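Colleague: One letter stands for each residue in the lines below.
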Amino acid sequence: MVEMRRICKSFPGVVANDHVDFDVRSGEIHALLGENGAGKSTLMNVLAGLYKPESGVIKIKGRVVNFNSPRDAIHAGIGMIHQHFMLVPSQTVTENILLGLEEPRFHLNLREYDRIVFELGERFGLKVDPRAKIWQLSVGEQQRVEILKMLYRGADILIMDEPTAVLAPQEIEDLFVTLRAMAAEGKSIIFISHKLQEVMAIADRVTVLRKGKVTAAGLDARSTTRQELARQMVGRDVVFRVEKKPKEPGKVVLSIRDLHADNDKGLPALRGVSLDVRAGEIVGLAGVAGNGQRELAQVITGLRKCRSGQITLNGEPMTNRSALFGILRGVAHIPEDRTHVGTAPNLSVTDNVIMKQYRHPPLDRHGFLNMPFANKFALQLKSEYDIMVPTVETPVRLLSGGNLQRVILAREISGHPSLLVAVQPTRGLDVGAIEGVHRLLLQQREANAAILLISEELEELLSLSDRVFVIYEGQIMGEVKIEPGEEPSSELIETIGQMMTGTPLEKVHLGKAEQHV
Amino acid sequence: MSESAPVPVPKRRRFFPYRLRLEPRLKEPPAWYPVVLSVGAIVVALVIGGLVIAVAGGNPFASYAHIAQASFGSIGVLSDTLVKATPILMTSLACSIAFRMKLWNIGAEGQFIMGAFGASAVVLVPLFPPETSAWVVLPTMMLAGILAGALWGLIPGLLKAKLNVNEIISTLMMNYIAVSWINYWIFAVWTEGGFQMSPVFPKNAWLPRLLDYADAVPFFRGLTTHAGLLMGILVAILLWLVIYRSRWGYEIRLIGDNPRAAEYAGINITRNTVLVMILSGALAGLGGMSEVAGTVHRLQTSPIAAGYGFTGIIVAWLSKLNPLVAILVSVLFGALLLAGREIQPSGIPKMIQGIILVCLIGSDFLMRYRLHIERIAEEA
Amino acid sequence: MDLLVVLQAGVGTGTVLLFATLGEILAERSGVMNLGVEGMMLIGAMSGYSVAIKTGNPWLGVIVAMIAAGLLSQIHAFIAITLHADQVVSGLALTFLGIGISLVLGDGLSKAGTVALLPTLSIPLLSQIPILGKIFFTDQSVLVYLGYLFIPIAWYFINYTRPGLHLRAVGEYPAAADALGINVFRMRYLYVFIGGLLAGLAGVTISLAIAPGWFSEMTTSGQGWIAVGLVIFAQWDPLRAALGSYTFGALRRLILDIQGPMTLFGFDNPFYYNPYWGFFLQMLPYAFTIVVLVIGSRDAMRKRLGAPAALGVPYIRGERGK
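In the order they appear, the protein sequences are chains A, B and C.
Under our numbering, the first residue of the first sequence carries the number 3, and numbering increases by one thereafter.
Under our numbering, the first residue of the second sequence carries the number 162, and numbering increases by one thereafter.
Under our numbering, the first residue of the third sequence carries the number 16, and numbering increases by one thereafter.
A couple of the hints might just be wrong.
[What the hints assert, rightly or not] Under the rule of at most 35 Å between Cα atoms (straight-line distance), these lysine-lysine pairs were calculated in the DSBU-like manner:
id: 1; chain 1: B; residue 1: K188; chain 2: A; residue 2: K135
id: 2; chain 1: B; residue 1: K364; chain 2: A; residue 2: K54
id: 3; chain 1: A; residue 1: K514; chain 2: A; residue 2: K249
id: 4; chain 1: A; residue 1: K135; chain 2: B; residue 2: K263
id: 5; chain 1: A; residue 1: K378; chain 2: B; residue 2: K481
id: 6; chain 1: B; residue 1: K263; chain 2: A; residue 2: K267
id: 7; chain 1: A; residue 1: K378; chain 2: B; residue 2: K188
id: 8; chain 1: B; residue 1: K323; chain 2: A; residue 2: K267
id: 9; chain 1: B; residue 1: K323; chain 2: A; residue 2: K307
Treat the hints as calculated values from the structure; they're not laboratory data.
Keep in mind the model is a prediction, meaning the values are calculated, not measured.
Using the sequences provided together with the hints, build the complete structure.
Modeller: Have a look at this one:
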């Protein structure tokens, strides 16, 4: 169905695809596996017509094709569903589906098309209200719209880029059912992922990319192992756990009681959250993206107001106090958004690392900045945290994701925080960088900091946390303890999984009790 | 289509088998690069301006030569250039501090005018008996100018901070209101014999000029450069210190670069919006005082509402918001303005300013991207 | 002072604002902020007037005015779209450029002779309607009637047609439009151009219809900026834009006419006896624009509507963010 031969694509400074070969048969689900930055998205963007490769050949159904724009690719029957949905939030489902098409010619007869969209949805088991505006839909529903969009255009080849990143386990199952149904109808599905379990669960064949090159092509998913795939992905045997020593936690540093807060759309995001974090422990917060984690981090760090509830820091009330209040009291925040929140792109590395401490001597001298000291400080952090920059005057927009995160970590940790709120700290980083971050977090735990780790990577949470809370639709479903030094049991993982899809802990236990009877 | 900026390109016609490709710079260009680029932009701008002049029936070479002659030809005209540069310097400083925070203060013109008004009011009300020493009158005028300008900046600042009202339009509107305001006072209240100007200020309200010291230093004879220039330079130095070396300057730069990061760092954007607008207005107001007390010596609309506020925007941009560079650039524009007075058509200086700004913005692009000329190679 | 006459003239003045505002709405809906409206209007006014004098044909003047302003807009388009520079500064630069070029090329225009103006006419039947007929359909320039047509056309186009859908998508979420094959860059260039055409039309409406003549910068005296403010008040909707434009037009006429008569509604006219108070009247349109902005901003905050989401943000395909 699809053949890609010797595709080369580079960006300034990096070769994203290096003579990549890739093919997909009709009626199969082919997974494209690799770490972040391995070149999977780039390759698929080439196939989808968004990028033009420097060299290489693409054949669809045996015919050579040359895409100059996404439109060409769509005409050839290729539909790409991106990780970040390409949907216009303020427009309706139907309007989004009709976008970019030749029909209707001029007048927009929405009612007619609402009907067509609805029927299409019924046919493929993707139910959605055509007149709803995108911003009103849940993430899973939005994904359905994306799929419908491609099906409406008669796509035979569907490319799905990390589709499960934003879904709860149950929704993932639904998606897999849909994908299998579509494959059964003869469609080809390319499934980009970095999650081994899912790939093994859904794919017929697997191709692995590492640093722009193919390391394993078209492996039969059923006859390979997780270890094998991981090795192909990373190049060495991956250690799935980091060393965590047992530690007695100290006093309660952060205490949250019955927190209620709204999100940007005015809808409730936090509905009565309560949790504690003690000194010297890592408390993990698990949950699918969009269940209130972002708002929780923002409320704790003073970037969002809450409607009601209480937050206490070392006994001192901190509810609805400013960000500055927390910063002055040793609250560190590793934000989800490195580029748009955590750093100032055109300012130098030095300017960025003093962002939290510039109010204190020795950086501050009666209202003036001690620049020589600031530069020395930056150099020190540069070597300590292995930040790779030509000089500390370099503007941080030129830094790679991993280095940027190191800058942020250097800044936040060097202030010896009493509370560290880390949100998705390893997103988009390669394995080496991830290990580095984990090490630093554990070091802070040793140093008696209280750490709240909010992450979508369950593995990360399980290997680092002492306790894990699960949040679902703004409420805490339950708390589980993680014993250090042991591999978490599958039962534990299943419990967490159930909580992530909305079952409170008590009900989970009840369910188990019933089973045993 | 390539993923980089789609520069319009001839479609596959083989007689021009080259393609322009732009790619983002990965490293900072060497320090001399921005300077060369800016100078290049000005050169291009002058060429374009020359073309337009030619179209309008003038002689561009004669015009430009005239400008050079008329601004730097002799000490006398050099002094006149400096006089023209003074108000431009003040307004450009006002603009640069605001622009640092991405606060688009287009109202420097109005704040300048109000500063002139405030300073004039001290003299024309009058606030002091006629024989009061200049040491009292002048500082009071400065204060009045600063306060009036600050007020004119405060209003749009508050509107922006509290209600998110677009400051470009609000400050611009304040310009027009300021003009009407001083027109009223000039025509109706302080008019001199029915003419459209106030009476001349008494000597104790004049900023000292070089020619005041011609007895001691004969070289200064006839030179009208006044203390406003000194004020401007001092303020420029102070401003430089504030922006690059002070805590507050750091906060302003941070807000301007990434307001969300500034918020995250605990900086209060609302408060700083208001403060910076007040400061910006105050600086422009001081400029108004300096012009009215150093050059015009009376309150009169056309020399005061002469577009210094707008020229200041361009100078600030051209100086890359650096106060020290602004000193130099103001002189350049002072020259342009001075010579422009006598050039026909009279719109030329304004037009050249516009072209320079456009070329500058365009050239800024080359700071962030590199131009590659490459052969169109394969076809799939 | 006849209120009806004031309103009637106000419709004419308002038409100028209407064209400029509609043009800017279209440009901004595609995601590009073009602050150079004042400059484009002035170029339109000057070139239209100049052509009309030289050729004696005002319609030719209208066409040239629109094209001239449209071409000028493309400079901003190039800088903002292809070079992804800051749109605010680029727009400002365009204003200076437009004003400057107009002054240079238009030098001496005010003494160049008489000009043929665009026809004015009344619409039969409709002009018989009491009050409204007098205001809207009697003795108005053809351009005014053109303006009436533009309002529903613009509204229908933006909201109920396929190209309108694409326009909105490009301004809200260009990545989505791009991924579906819509050429974001081409659309933005196009709509900036249309914005320029309309701004030029607004300018020539002044110089060949409403306030004929060439008065250097005073020809437009800030109406381009008022239009930009009206776009915000209009919440990017043509119907509200019409409301704002005509209201403003009426206000401007009122300010002019209120100073003339000796008595006002039976009382001594204070503006007649204190002519200098006219200066305060002159402030009104500008102060009102600020008020209009405040209203527009608060509405946006309340209704969570506001600007097209991608307004002012250059679109770079395949940006390696996050």
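Colleague: Can you list which hints this structure breaks, lowest number first?
Modeller: 1, 2
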